[in-house]
Amino acid sequence: MRLKAGWILAALLLAAPAHAGIVWRAAAAANAITFDAVAPKPNDVEVGGNLAASLQPHISAVGALAYGFDHSYLRGSVGARFTASNVDDPNFSVGLGMAYHVSSEPGIRPEGWAPDASIGWRPWPVDAPRVNLILQGQYQLEANQASAIMGVRYEIGGQP
Amino acid sequence: MTLLQLLAAAAGTPADALRAIIHAGIAASPDLAPLLEGFLSKLDEAVTPESIGNLALSLTPELTEIFKGHFDGRSRPSDLA
Numbered sequence: 001m002r003l004k005a006g007w008i009l010a011a012l013l014l015a016a017p018a019h020a021g022i023v024w025r026a027a028a029a030a031n032a033i034t035f036d037a038v039a040p041k042p043n044d045v046e047v048g049g050n051l052a053a054s055l056q057p058h059i060s061a062v063g064a065l066a067y068g069f070d071h072s073y074l075r076g077s078v079g080a081r082f083t084a085s086n087v088d089d090p091n092f093s094v095g096l097g098m099a100y101h102v103s104s105e106p107g108i109r110p111e112g113w114a115p116d117a118s119i120g121w122r123p124w125p126v127d128a129p130r131v132n133l134i135l136q137g138q139y140q141l142e143a144n145q146a147s148a149i150m151g152v153r154y155e156i157g158g159q160p
Numbered sequence: 001m002t003l004l005q006l007l008a009a010a011a012g013t014p015a016d017a018l019r020a021i022i023h024a025g026i027a028a029s030p031d032l033a034p035l036l037e038g039f040l041s042k043l044d045e046a047v048t049p050e051s052i053g054n055l056a057l058s059l060t061p062e063l064t065e066i067f068k069g070h071f072d073g074r075s076r077p078s079d080l081a
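So the protein lines, in turn, are chains A and B. 1 is the number of the first residue of the first sequence in our numbering; add one for each residue after it. 1 is the number of the first residue of the second sequence in our numbering; add one for each residue after it.
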């Protein structure tokens, strides 16, 4: 009986967002990434996508997938981020988070946990509301490798 | 058997205790109050397939509005980094 009640409640909770319009934020991504202190920068150019869901006013679940052209790698990450935005300017925000990274080429893009710090800016909220510019620094804890990303995001679907 | 008694049996708690928990939730959370008050108003109905269906249908719009309000307007640029 308890199990059935749980399934009914879970079904209701899962069904609700499907009717709620946009719950998740998705974006197509292009990045310049630097992870090698010695080699010419940027070390690679990536394309991919990002997903984010604001779970609480200042906590978001985030995920990313990217392909690096020069080194031919595919990397992904899933994590959480504490975000803060200016009340007077919702088009600029900063975030601190932690994500778990996986990679098709661990020797190039390490796998494991990495804390990160991010800045996001919507520079043309009227003319181009779907365009975001981002900067992110992260540090791979196991590999002791720092990396930085500068990129552009184009939000997909829903209202930006 | 009423819907409240059915849910209380599922939760392994007395029906009066479950009603008190719902009232506490209404008092503690203004955001959830419309959902919980609507939910509570239907729990005294007898258990029938129709009453269970009506209860499920009444929950979905409330949950939808809660989720929609929860996430709307919270697109932060740094979330997409």
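Everything labelled a hint here was simulated from the structure, so no lab data went into it. Nothing here was measured: the structure is a model prediction, and the numbers come from that model. Ideal Cβ positions, reconstructed from N, Cα and C, are used throughout, including at glycine. Hints should not be assumed to be uniformly reliable.
For each label pair, taking beta carbons as the anchor points, the in silico distance ranges come out as [as the list claims (entries may be wrong)]: (1) A:Tyr139 x B:Glu50: 54 to 62 Å; (2) B:Gly53 x A:Met98: 25 to 33 Å; (3) B:His23 x A:Trp24: 29 to 37 Å; (4) A:Ala28 x B:Ala28: 54 to 62 Å; (5) B:Thr13 x A:Ala32: 38 to 46 Å; (6) A:Glu105 x B:Leu32: 43 to 51 Å.
These are the hints, each one checked on the structure:
Look at tyrosine 139 of chain A against glutamate 50 of chain B: about 58 Å separates their beta carbons, and that is inside 54 to 62 Å. Separation of glycine 53 of chain B from methionine 98 of chain A is about 43 Å and departs from the stated range, judged on CB atoms against 25 to 33 Å. Taken as a hint, the range 29 to 37 Å holds for the pair histidine 23 of chain B and tryptophan 24 of chain A, whose Cβ atoms sit roughly 34 Å apart. One distance hint, 54 to 62 Å for the beta-carbon pair alanine 28 of chain A and alanine 28 of chain B, is violated here, with the actual separation near 41 Å.
Distance hint check for threonine 13 of chain B and alanine 32 of chain A: the Cβ-Cβ separation is about 57 Å, which falls outside the suggested range of 38 to 46 Å. In this structure the supplied range 43 to 51 Å holds for glutamate 105 of chain A paired with leucine 32 of chain B, their Cβ-Cβ distance being about 47 Å.
Figure legend: structure checked against the earlier numbered hints; hints not met, in rising order: 2, 4 and 5.
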